Amino acid sequence: MISSPLPQFTSLYAAFDRFPLPKGATTHIRQMAATLFNYCGDGLLYVAGDHDMPTLEQEQLRDASVTLLRSPVVSDSNNVLAKAMAYSEQLASVLQQRGQGLHIAHFRDPWAGVPLVDFKQQHPELALVYEVNALPSIELPMHIALPPTTIAAIKQWEQRCLDGADVIITPSKLTQAKLRLLTNTPVHYLPNGADVITDQQLEAKQAAVNAEPPRLIYFGGAQRWQGLNHLLHAMVIINQQLPVQLDLCLSLDNRQARQVKQHIRQLNLEHVVKVYFGLSQAELRPKIMQATASIAPLIACQRNMQQGCCPLKIIESMACATAVIAADLPVVHELLQAPQHGLLVPPSRPSELARACIRLLTQPELAQQMGRNGLAHIKQHFQWPAINQQLRHHYQHLLPQHSSLKRTHNECLASEPI
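The numbering of the sequence shown is UniProt numbering, which starts it at 1 and goes up by one.
No lab work stands behind these hints, which were simulated from the structure alone.
It cannot be assumed that every hint is accurate.
[What the hints assert, rightly or not] List time: in silico DSS-like cross-link candidates among lysine-lysine, alpha-carbon distance up to 27 Å: (1) LYS274 to LYS261; (2) LYS155 to LYS379; (3) LYS173 to LYS83; (4) LYS379 to LYS287; (5) LYS287 to LYS261; (6) LYS379 to LYS173; (7) LYS23 to LYS274; (8) LYS23 to LYS83; (9) LYS178 to LYS155; (10) LYS23 to LYS173; (11) LYS173 to LYS155; (12) LYS23 to LYS120; (13) LYS178 to LYS120; (14) LYS120 to LYS83; (15) LYS287 to LYS23; (16) LYS274 to LYS287; (17) LYS155 to LYS120; (18) LYS23 to LYS379.
All figures in this text were calculated on a predicted structure; none of them were measured in a lab.
Throw the hints in and build the complete structure from the sequences for me.
Encoded structure:
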């Protein structure tokens with residue numbers, strides 16, 4: 001139970017993610033939630049709890065002052081399903097006690113979605129937006145072994161959310177096509193976005209074309225489906241032919257990351273691969289701009305093939321005018337065109353990946369041209385302001401009269417505790 005004062009709220013963004021963290025999910029949540037709260041007024045951002053983070057605090061998202069509530073950590077269990085269910089139960093309690101003024105809710109997963117769908121049965125005027133980035137029934141088996149009965153139960157939760165939402169948005173056309181076979185709820189494609197570099201930063205990047213040794217970069221998570229092991233084996237081949245440095249910028253120092261570091265030692269790549277953890281955007285972007293190419297070595301697994309993903313690393317790399325070398329998968333085709341913006345290689349083929357890297361490392365002018373083309377592509381299709389405006393249109397369709405939802409900051413502070 002939450003004992004701290006919690007103001008009433010008219011809009012809610014809910015995600016079973018720790019926030020903020022130096023990873024793509026945080027970037028996405030910050031952009032989506034800011035758009036919601038700047039349009040609808042009084043917002044509650046409800047995320048997963050962490051022992052190192054306060055339960056309740058205020059967060060500034062663009063022009064909106066938002067109440068940030070983290071689900072209390074009920075145990076030290078590493079069981080992600082147990083934590084998800086505790087998160088879900090806590091949200092149900094919050095809704096029953098303080099959700100009477102709620103007009104619209106935007107959620108990222110069924111753990112938040114099911115209590116909201118249940119709450120909507122009592123309050124049919126509530127508008128629900130389901131943002132499907134990944135389906136847990138496909139995602140979780142990549143991390144933990146689950147019995148078929150558990151997967152079936154998760155699918156039932158997913159289906160309740162798909163059918164109970166008023167609108168579904170997803171950053172992948174592949175996921176959009178899959179979801180349209182599962183539900184009659186409207187499903188809209190809304191990709192991730194990025195902030196592009198300035199003209200001055202582009203000039204500085206071009207001036208660094210002859211840096212020694214030439215650099216490659218990978219940034220993001222260390223999960224198996226990311227394909228990092230294949231990248232490391234490619235680095236062995238590349239290092240045998242020319243000097244190179246790989247900046248490996250990982251989101252978290254977790255179990256998967258420690259396995260990657262162990263693999264680096266086993267391959268004798270400590271002098272080639274520099275590992276960084278938890279870089280801020282301000283720290284990460286110069287490294288992206290200094291690289292000849294950014295690598296996205298996704299593998300052809302269920303997680304990447306049966307449902308889509310919209311890898312922020314690809315979009316953010318092109319936004320920095322850095323060429324991309326990525327696995328040749330349908331989800332990648334949605335974001336870039338080869339060879340205009342970079343090179344595509346067969347997934348899980350280190351030798352092919354090494355060949356593509358060597359090509360751009362030895363032809364930096366070609367890599368720069370690809371980077372410039374990619375930057376123009378992002379400017380035209382994937383800038384955050386344009387993506388956020390599309391999201392705002394969905395909110396406007398659901399809540400055309402939103403001005404009455406807004407309350408003053410003093411009214412929020414005067415609300416009773418739960």
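Restraint status (C-alpha distance of LYS23 to LYS83 at most 27 Å): holds (20 Å)
With the threshold set at 27 Å, check whether the alpha-carbon distance from LYS274 to LYS287 stays at or below it. With Cα atoms ~12 Å apart, LYS274 and LYS287 stay inside 27 Å; holds.
Within 27 Å, alpha carbon to alpha carbon, are LYS23 and LYS379? holds (22 Å)
For the pair supplied as a hint, LYS23 and LYS173, confirm whether the alpha-carbon distance does not exceed 27 Å. holds (22 Å)
Below or equal to 27 Å on CA atoms is what counts here, so check LYS155 against LYS379. Cα-Cα ~37 Å, so violated.
Are the Cα positions of LYS379 and LYS173 separated by 27 Å at most? This hinted pair holds, its Cα atoms lying about 20 Å apart.
Verify the proposed pairing of LYS178 with LYS155, using a straight-line Cα cut of 27 Å. It holds: about 14 Å lies between the C-alpha atoms, which stays within 27 Å.
LYS379 and LYS287 were given as a pair; does the straight-line alpha-carbon distance stay at or below 27 Å? It holds: about 20 Å lies between the C-alpha atoms, which stays within 27 Å.
Holds or violated: LYS287 and LYS261, Cα atoms, limit 27 Å. Cα-Cα ~20 Å, so holds.
Given hint LYS23 paired with LYS287 - CA-CA distance at most 27 Å: Status holds; Cα separation ~15 Å.
Check the hint pairing LYS178 with LYS120 against an upper bound of 27 Å on the C-alpha distance. holds (25 Å)
Can the restraint linking LYS173 and LYS83 be considered satisfied, given a maximum Cα separation of 27 Å? violated (30 Å)
Checked against the numbered hints above, the structure breaks hints 2, 3 and 12 and satisfies the rest.
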